[in-house]
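Trainee: Throw the hints in and build the complete structure from the sequences for me.
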Amino acid sequence: MMKLSTRQITPVSEFDKQISIARITENAELPAPVRSKHILLVKTGNGNHLAEGFKAYFFIGSNELIVNKSKYPKNVFVLSDDQAYLGEGDVVRFAPDKPALTTLYRKQSQHNSLLVTERCNNFCLMCSQPPKEIDDSYIVNDLMEAIPLMDRGTAEIGITGGEPTLLGDNLILLLRNLKNYLPSTVVHVLSNGRRFSNMSFTEKIAKLEHQDLMIGIPIYSDISNIHDYVVQADGAFDETIQGIINLKRFQQKVEIRVVLHKQTYDRLPQLAEFLARNLLFVDHVALMGLEMMGFTRHNLDDLWIDPVEYQPQLLKAVEILSRYRMNVSVYNHQLCLLDKRLWLYNRKSISDWKNEYMTECTPCTKKTECGGFFSSAHLKYSSHIVPFLEEN
Amino acid sequence: MSAIELATKTGSPFNDLNAYNQSLKTGYRLLPFKFIRLDDKRMVLTNEVGEFLVIEQDYLRAIVNKSIEAGSQLYNNLKSKHFLIDDDSSIALELLAMKSRTKMQQISNFTGLHIFVVSLRCDHSCPYCQVSRQSEDKLAFDMSNDTAIKCLEFTFRSPSPSIKIEFQGGEPLLNFDLIKFIVIEAEKKNEVHNKDLEFVIATNLALLTDEILSFCLEHRIYLSTSLDGPEDLHVANRPRPGADSYQRVIQGINRARAILGPDKVSALMTTTAASLTRAKNIVDEYLLQGFNSIFLRPLSPYGFAVKTKWYQSYDIQNWLKFYFEGLDYIINLNKQGYFFVEQYAAIILNKMFSPQGTGYVDLQSPAGLGISAILFNYNAEVYASDEARMLAEMGDKTFCLGNINQHTYEQIMLSEALLNPIEQSIVESVPGCNDCGFQPYCGSDPIYHHATQKDSIGHKALSGFCKKNMAIMRRLICLMEDDPQAKQILLNWAKP
Numbered sequence: 351m352m353k354l355s356t357r358q359i360t361p362v363s364e365f366d367k368q369i370s371i372a373r374i375t376e377n378a379e380l381p382a383p384v385r386s387k388h389i390l391l392v393k394t395g396n397g398n399h400l401a402e403g404f405k406a407y408f409f410i411g412s413n414e415l416i417v418n419k420s421k422y423p424k425n426v427f428v429l430s431d432d433q434a435y436l437g438e439g440d441v442v443r444f445a446p447d448k449p450a451l452t453t454l455y456r457k458q459s460q461h462n463s464l465l466v467t468e469r470c471n472n473f474c475l476m477c478s479q480p481p482k483e484i485d486d487s488y489i490v491n492d493l494m495e496a497i498p499l500m501d502r503g504t505a506e507i508g509i510t511g512g513e514p515t516l517l518g519d520n521l522i523l524l525l526r527n528l529k530n531y532l533p534s535t536v537v538h539v540l541s542n543g544r545r546f547s548n549m550s551f552t553e554k555i556a557k558l559e560h561q562d563l564m565i566g567i568p569i570y571s572d573i574s575n576i577h578d579y580v581v582q583a584d585g586a587f588d589e590t591i592q593g594i595i596n597l598k599r600f601q602q603k604v605e606i607r608v609v610l611h612k613q614t615y616d617r618l619p620q621l622a623e624f625l626a627r628n629l630l631f632v633d634h635v636a637l638m639g640l641e642m643m644g645f646t647r648h649n650l651d652d653l654w655i656d657p658v659e660y661q662p663q664l665l666k667a668v669e670i671l672s673r674y675r676m677n678v679s680v681y682n683h684q685l686c687l688l689d690k691r692l693w694l695y696n697r698k699s700i701s702d703w704k705n706e707y708m709t710e711c712t713p714c715t716k717k718t719e720c721g722g723f724f725s726s727a728h729l730k731y732s733s734h735i736v737p738f739l740e741e742n
Numbered sequence: 042m043s044a045i046e047l048a049t050k051t052g053s054p055f056n057d058l059n060a061y062n063q064s065l066k067t068g069y070r071l072l073p074f075k076f077i078r079l080d081d082k083r084m085v086l087t088n089e090v091g092e093f094l095v096i097e098q099d100y101l102r103a104i105v106n107k108s109i110e111a112g113s114q115l116y117n118n119l120k121s122k123h124f125l126i127d128d129d130s131s132i133a134l135e136l137l138a139m140k141s142r143t144k145m146q147q148i149s150n151f152t153g154l155h156i157f158v159v160s161l162r163c164d165h166s167c168p169y170c171q172v173s174r175q176s177e178d179k180l181a182f183d184m185s186n187d188t189a190i191k192c193l194e195f196t197f198r199s200p201s202p203s204i205k206i207e208f209q210g211g212e213p214l215l216n217f218d219l220i221k222f223i224v225i226e227a228e229k230k231n232e233v234h235n236k237d238l239e240f241v242i243a244t245n246l247a248l249l250t251d252e253i254l255s256f257c258l259e260h261r262i263y264l265s266t267s268l269d270g271p272e273d274l275h276v277a278n279r280p281r282p283g284a285d286s287y288q289r290v291i292q293g294i295n296r297a298r299a300i301l302g303p304d305k306v307s308a309l310m311t312t313t314a315a316s317l318t319r320a321k322n323i324v325d326e327y328l329l330q331g332f333n334s335i336f337l338r339p340l341s342p343y344g345f346a347v348k349t350k351w352y353q354s355y356d357i358q359n360w361l362k363f364y365f366e367g368l369d370y371i372i373n374l375n376k377q378g379y380f381f382v383e384q385y386a387a388i389i390l391n392k393m394f395s396p397q398g399t400g401y402v403d404l405q406s407p408a409g410l411g412i413s414a415i416l417f418n419y420n421a422e423v424y425a426s427d428e429a430r431m432l433a434e435m436g437d438k439t440f441c442l443g444n445i446n447q448h449t450y451e452q453i454m455l456s457e458a459l460l461n462p463i464e465q466s467i468v469e470s471v472p473g474c475n476d477c478g479f480q481p482y483c484g485s486d487p488i489y490h491h492a493t494q495k496d497s498i499g500h501k502a503l504s505g506f507c508k509k510n511m512a513i514m515r516r517l518i519c520l521m522e523d524d525p526q527a528k529q530i531l532l533n534w535a536k537p
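Protein sequences, first through last, are from chains A and B.
Take any residue in the first sequence, note its place counting from 1, add 350, and you have its number in my numbering.
Take any residue in the second sequence, note its place counting from 1, add 41, and you have its number in my numbering.
Quick caveat, the hints were computed from the structure, so don't treat them as lab data.
Just so you know, even glycine gets a beta-carbon here, dropped at the ideal spot from N, CA and C.
Any given hint could be a false lead.
[Stated by the list, open to error] Short derived list, chain B residues pointing at chain A, Cβ under 7 Å: (1) 61; (2) 121; (3) 380; (4) 382.
Mentor: Right under this line is the structure:
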């Protein structure tokens, strides 16, 4: 797993203490007037001749490149080896006196996600990012600064939390910023959808006229109290459904996300029928494997079911949804556990930085088609993993 | 402190399932639904938007007495399909309203199908002819250009975004010049109106020529023909000089397919007394001719079919026996891996599973009379449907809405002759239909009931329309409940 934040940072010269949002560059020849917005990443060459004017200088790993510390400008740091993934065009948040470095955006990745708040009004049994009751409104300000630094060719940006809509008007500002600075980027927001039950909030989102915005919203059951139980919030089901209806009323794209676990697999076919009958107009349905993070670890006994065991329900659900010509995908699943009839719907959906394969998978010939595992799956995964071998 | 640290310190921060289940304390209320017996053990529950649930009959009383246990599987199924509502959630009402709107939406499109009877003349002399054709040489039974233009003006008054013009007869190819004239004039008008415009000729194909085919190709015209079964049956049902109706229709189908493409040619069958024992033969003929579906249709009580007593030669029970034999055979074909559809079943299945309404005018509420389909007769009279003019040829002009030369669009569409039967066809309020469990999938056919019972509503206990549809709906639901393989096949026909 890639470490997108680190505290293993060693200053090797005097430094300024203020927090900065900056773009990483490897180009020491950058014109002087723009250097102050950049951190120079020094991977090779002679560290003795550092060009002046950059916001900071990062060396990675050993101090080999560092020869004569006394010749250095201010703000030179050495990062741990696990930050070697950093590269040209990445955007980071750097707090030198903590010290703490967070990678907000990686130019080379297809899976950039902006965490906009850690607060949430749901408390899902399987939350991979447990909510915190804290004032983290600074995050939006950081992101407002970071977005203009991102590459204009970025294909897709995710917005995640916590519950992004708790930002209220600040979410609108953030989305407007994305629309303006990244006009050809798809934006995918992960939300519990409850806030969209408020018509005027939904109208504000619609009025942004974002070029390609999709809201991904979970529904865990066709039965209101089961959904409310999974998200641990009374009345959430009604607000979420109303939110979806409102978004579609304003012609916004909506994706329904169903996490499969012990509390949701049993009524999956009924849920599929409910979606087809009531919410046929949504744009995508994703049926997703469980991530072993956060609360899932705490509630493992209530949640874990081997995916092999829910194949009949999953297949039935996919058949119902596709018969109604709904756009359906299966996420986060290993090919060797999936019924072959589901392969067509399987997507490689796990973000690159936390996507792994187990040792059993080493000889497997189908890894390029397989969804693989979340890094967190080491905690618990199916005992039915079998590599596909070359057929002789 | 993180939430999970808090959790381990204070005991679980998570509530259990029952904490969210209000109905454990406050019970449930029923939402409007209807029920009907499926067989001697089971009932079907249906609601207004067409969702259904099959239950053991003993549970019906428990449901109504509100003694279904909260959280049980039956409770959840009833709740999911909006048969009941409890204090946990009220979104069902919003969803039901939305589903009702979706189902009704097509009514607001208004008239789509416009039938032009370009000639009542015919080269065939079928004893079961339901339109009372005239012999070939009487030009008095052709529509005039002047009438056609007025009918077209009427057609383009329809607010419907899609307009289908169907040419009927008699045999419409006997007046092909008029068809050409109408197609070209309609296309001219459509340059302004910009509708989704489509043409169909209902023809026996006996008079098909290369000239006709190339015109059809150029104007993307569909052909709909009649094929009653194997040669001996077809020729007996559909006599013409030379006894070559079968050869001509098969030749016509193949020539049309070669030039227009297979999707542009379809065929319909009509059941006669001679067909009743030959369901498999008839389906096999459709297989042989390369069709992937068949529409098994009974005779209707109009025209020569009544005069010759062919209509009276079998009752609906005989026909249903024939239909189910055909249906079973077709399902078996599918089980053997050959995709083949019975179209009437497909229409009903679509009504069961699609959130949208279907465009089939005989199973609509209100009926499609005038508001889905309208007919211009050769003599400038306007009728509420194809059957309405069949009745008129028998001397009963009850459903004649006016004359294109004498009446305006408003006079015709607001005539009592149209508004009355439409009002009488709203199954939600028709006696005998209003509490029928199959109501959401059905319609009411005022013309049929007028023809058979001299009353547009009719006594449903005596109605062949009712017997037919209820029997088929029962059978389809039973098949889906009892035969998982048949269920998959039928669901694939539904194409919601």
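Trainee: Determine which of the earlier numbered hints do not hold for this structure and return their numbers in increasing order.
Mentor: 3, 4
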